[in-house]
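> Chains as they are written, first to last, in UniProt numbering: chain A, 1 to 415; chain B, 1 to 290.
Source of the hints: derived by calculation from the structure; they are not laboratory data.
Idealized CB from N, CA, C, for every residue including glycine.
Wrong hints could be hidden among the right ones.
[What the hints assert, rightly or not] Which chain A residues face chain B? A few, computed with CB under 8 angstroms, are given here:
id: 1; residue: Lys53
id: 2; residue: Ala232
id: 3; residue: Asp275
[Claimed, not checked] Distance condition first, Cα-Cα at most 30 angstroms in a straight line; then the derived DSS-like pairs of lysine-lysine:
id: 4; chain 1: B; residue 1: Lys111; chain 2: A; residue 2: Lys379
id: 5; chain 1: A; residue 1: Lys344; chain 2: A; residue 2: Lys74
id: 6; chain 1: A; residue 1: Lys73; chain 2: A; residue 2: Lys83
id: 7; chain 1: A; residue 1: Lys381; chain 2: A; residue 2: Lys300
id: 8; chain 1: A; residue 1: Lys300; chain 2: A; residue 2: Lys352
id: 9; chain 1: A; residue 1: Lys234; chain 2: A; residue 2: Lys154
id: 10; chain 1: A; residue 1: Lys197; chain 2: A; residue 2: Lys154
id: 11; chain 1: A; residue 1: Lys381; chain 2: B; residue 2: Lys111
id: 12; chain 1: A; residue 1: Lys387; chain 2: B; residue 2: Lys111
Read off the chains here:
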Amino acid sequence: MNKRRTVAGASMLMAGVLVTAGCGAGGPSAGGGDFTDDKVVLALLNDASGVYKDVSGPNSKIAIQMAIDDYQKKYGDDAVVDKIEVTSADHQNEPDIANTKAQELYDREGADIILDVPTSSAALAVATQAKNKKKLYMNIGAGTTDLTGAQCNKYTFHYAYDTWMLANGTGTVVTEDGDKNWQLIYPDYAFGQDMVKSFTGAIEAGGGKVAGTVATPFPNDNFATYITKAGAAKPQVIGTMHAGGDLINLVKQFNDSGLKDKGVDLAVGLMFISDIHSLGVAAFEGTIFTDAWYWNFDDKSRAWADRYMEETGDRPTYAHAGNYSAAMQYLEAVQSAGTDDADKVVEELEGKKVDDMFLRNGEIRAEDHRVIHDVYLAKVKGPDDVKEDWDYEEIIKTIPAEEAFRPASESGCSM
Amino acid sequence: MNAVLQYTVQGLAAGSFYALAALGLAVIFGVLGVVNFAHGAFYMLGAVAAAVLLDTVGMSLWLALLVVPVLMLVFGMVIERLLVRWLLPLDPLYNLLLTFGLTLLLVDLVKRRYGVSGLPYERPAALDGRIQVAGIGLPVYQLFVIGVALLVCLGVWLLMSRTRVGMIVRAATERPELAGALGINVGRWVTPVFGFGVALAGLAGVLAAPFRAITAEMGSDFIIILFAVVVIGGLGSIVGAVTGGFLVGLVEAFGQAYAPTFAQVLIFVLMAVVVLARPAGLFGREEATA
Chain A
1 MNKRRTVAGA
11 SMLMAGVLVT
21 AGCGAGGPSA
31 GGGDFTDDKV
41 VLALLNDASG
51 VYKDVSGPNS
61 KIAIQMAIDD
71 YQKKYGDDAV
81 VDKIEVTSAD
91 HQNEPDIANT
101 KAQELYDREG
111 ADIILDVPTS
121 SAALAVATQA
131 KNKKKLYMNI
141 GAGTTDLTGA
151 QCNKYTFHYA
161 YDTWMLANGT
171 GTVVTEDGDK
181 NWQLIYPDYA
191 FGQDMVKSFT
201 GAIEAGGGKV
211 AGTVATPFPN
221 DNFATYITKA
231 GAAKPQVIGT
241 MHAGGDLINL
251 VKQFNDSGLK
261 DKGVDLAVGL
271 MFISDIHSLG
281 VAAFEGTIFT
291 DAWYWNFDDK
301 SRAWADRYME
311 ETGDRPTYAH
321 AGNYSAAMQY
331 LEAVQSAGTD
341 DADKVVEELE
351 GKKVDDMFLR
361 NGEIRAEDHR
371 VIHDVYLAKV
381 KGPDDVKEDW
391 DYEEIIKTIP
401 AEEAFRPASE
411 SGCSM
Chain B
1 MNAVLQYTVQ
11 GLAAGSFYAL
21 AALGLAVIFG
31 VLGVVNFAHG
41 AFYMLGAVAA
51 AVLLDTVGMS
61 LWLALLVVPV
71 LMLVFGMVIE
81 RLLVRWLLPL
91 DPLYNLLLTF
101 GLTLLLVDLV
111 KRRYGVSGLP
121 YERPAALDGR
131 IQVAGIGLPV
141 YQLFVIGVAL
151 LVCLGVWLLM
161 SRTRVGMIVR
171 AATERPELAG
181 ALGINVGRWV
191 TPVFGFGVAL
201 AGLAGVLAAP
211 FRAITAEMGS
221 DFIIILFAVV
231 VIGGLGSIVG
241 AVTGGFLVGL
251 VEAFGQAYAP
261 TFAQVLIFVL
271 MAVVVLARPA
281 GLFGREEATA
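Extracted from the complex, chain A is given alone in its bound form:
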């Protein structure tokens, strides 16, 4: 027993030493000219091996590289900087690891910007580092509205989606379309609780009511009883706030519950196309959800998705596309600022109107740094309607940019 303790203690100590060593090393890189180290470094910080790997993960690095290539092709000799690098790190969805990695990326690897960072708690940790180091951070993968609300700062921008947008899309539209009586099933941790709050607000604003909520452990693989419980209240629609493997478990068991035959709809709070791909359309058929972007929406998005597919062999999720777009907008801002000085780049970005393959009617809002754009209410097609692999969504409604996101006046952000 003693021996066991010693071994365990020693390994903990070793791990501790390694982590602390990482924190202290390196210092802020002081710039002499217009560009620190004569180069621009874009850093991808996300989940390279865990549950969100397929949602964004290593493929986002390829997307960012595509942006760099496009920028260099576009400006050629006129580019204000010749050397642009992309680096990446795995935060394992842990806020403390994200915190350490962000410091390393900014200080030691000379990153001018950090991109992505799924998992809300990790994202907030990185936002704090961006603020302290006065370096840019564009979030794509995380959902928390705090990034552009209570915890907003000058150097942090929020791309793609957030919980307010998901709730406002799915919650409001489904309610207005006639499903007034809701039951919500949610994983009992920060993201799930946040989503319930946002959804309840949106549903009530749409004239519906949340008759009950069912909390489940996270993660969890057995949802049968929870579903029976939610179904017993005879709702018109059950809203699930689960993601990834939990969502797949829940959908499989919802399909088994017989509620579908009784006319109970399933609305999903957060879903990525990779989830549909992994479970197959048959299981998700008819499910309604809000999508920040869809690869087969029009020629412009499809053209980009084709290029992405050549590089990776898969179709992109909106996180991949968002990483490309964010990297591109950053490089464009660097081009017009003529420097990688964060304050000057922020000036270029604020208030900028954008229309690219990702952002439609986009605007990088100056007040809270929320990047607003059109989003879509989507319905999962039936197996017979799928004409090609990955073409799983029918866009039933476009939600205009200014309606899709929380108004700046309500964000509570002061920079």
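Starting from the known structure of chain A, fit chain B onto it as the hints suggest.
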């Protein structure tokens, strides 16, 4: 009443996975004295194998229920021969560490090959839908899972109690020294028994494929509950593993229904109560743990 019956079926269905896998865990512990931490990973491999076979060669669930356990049996025997065997004479801690490492390796390999978002699985139409029992619609698939689990558990029990092989294994499980003293060569049964235990975990995985998310991580929480099951039932006890499995399934279902916040905790409360009252578990032998 309506809801109670539904929860019971859901609890027994969840319990079926636990019972089958715990049975394998108990057999392995009984004969080899190995606390097989990789059992959750073997359960995951069963589900992944079923999904891959469906996708590549179109193998139906019916066939997979036979083929995958056989593959897992062979796989388990190879693992025993190549790895587990060498550590048997040492402190059991070494095999615990080995199987823990094996879990990390298997999970990572599956992740690398098949990604993290899971594999699709479509079950045969015959097992879709619900049947009416006493005016309540019960999912056919859950009843099927319970049926298969009961059948297999009964089969294993018969094998153990009515055949010579079973008696040797039982003797080795319950009184290893005595069995050895009586000239029973326990050693030659070690490899097939390990394979058999792995096959049972694989079978539970195949049954889970149409019903649960098939991901590399699906065995991680499963193994923790599984240890609770075998502790409740009694380490190494075959009847205990099965009873414990169904019991834990029911506690989980009713906990989720009536005290959702405590559902997970209830299992471990049950474990604590059982261990306090009967340190060797419900069906364990007091001497075995002394």
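> If a hint holds in the structure, say so; if it does not, say that too.
The hints, checked one at a time:
With its C-beta approaching chain B no nearer than about 5 angstroms, Lys53 (chain A) sits inside the 8 angstroms limit, and its interface hint holds. For Ala232 (chain A), the interface hint holds, since its Cβ comes within 8 angstroms of a Cβ in chain B; the closest pair sits about 6 angstroms apart. Interface restraint check for Asp275 (chain A): the shortest CB-CB distance to chain B comes to about 6 angstroms, inside 8 angstroms, so the restraint holds. Distance hint between Lys111 (chain B) and Lys379 (chain A) is fulfilled; the C-alpha atoms sit about 29 angstroms from each other, no more than 30 angstroms.
Note on Lys344 (chain A) and Lys74 (chain A): the hinted pairing holds, with a Cα-Cα distance of about 22 angstroms set against a maximum of 30 angstroms. Between Lys73 (chain A) and Lys83 (chain A), the direct Cα distance comes to roughly 13 angstroms. Compliance with the 30 angstroms bound is thereby established for this hinted pair. Proposed proximity of Lys381 (chain A) and Lys300 (chain A) is supported: the alpha carbons are some 22 angstroms apart, at most 30 angstroms. Between Lys300 (chain A) and Lys352 (chain A) the CA atoms are separated by roughly 21 angstroms; this keeps the pair inside 30 angstroms, and the hint holds.
Distance hint between Lys234 (chain A) and Lys154 (chain A) is unfulfilled; the C-alpha atoms sit about 47 angstroms from each other, more than 30 angstroms. Pair hint Lys197 (chain A) plus Lys154 (chain A) holds up; C-alpha atoms about 27 angstroms apart against a cutoff of 30 angstroms. Between Lys381 (chain A) and Lys111 (chain B) the CA atoms are separated by roughly 28 angstroms; this keeps the pair inside 30 angstroms, and the hint holds. As the CA atoms of Lys387 (chain A) and Lys111 (chain B) are separated by approximately 29 angstroms, the hinted pair is consistent with the 30 angstroms bound.
When each numbered hint is compared with the structure, a violation occurs for hint 9 only.
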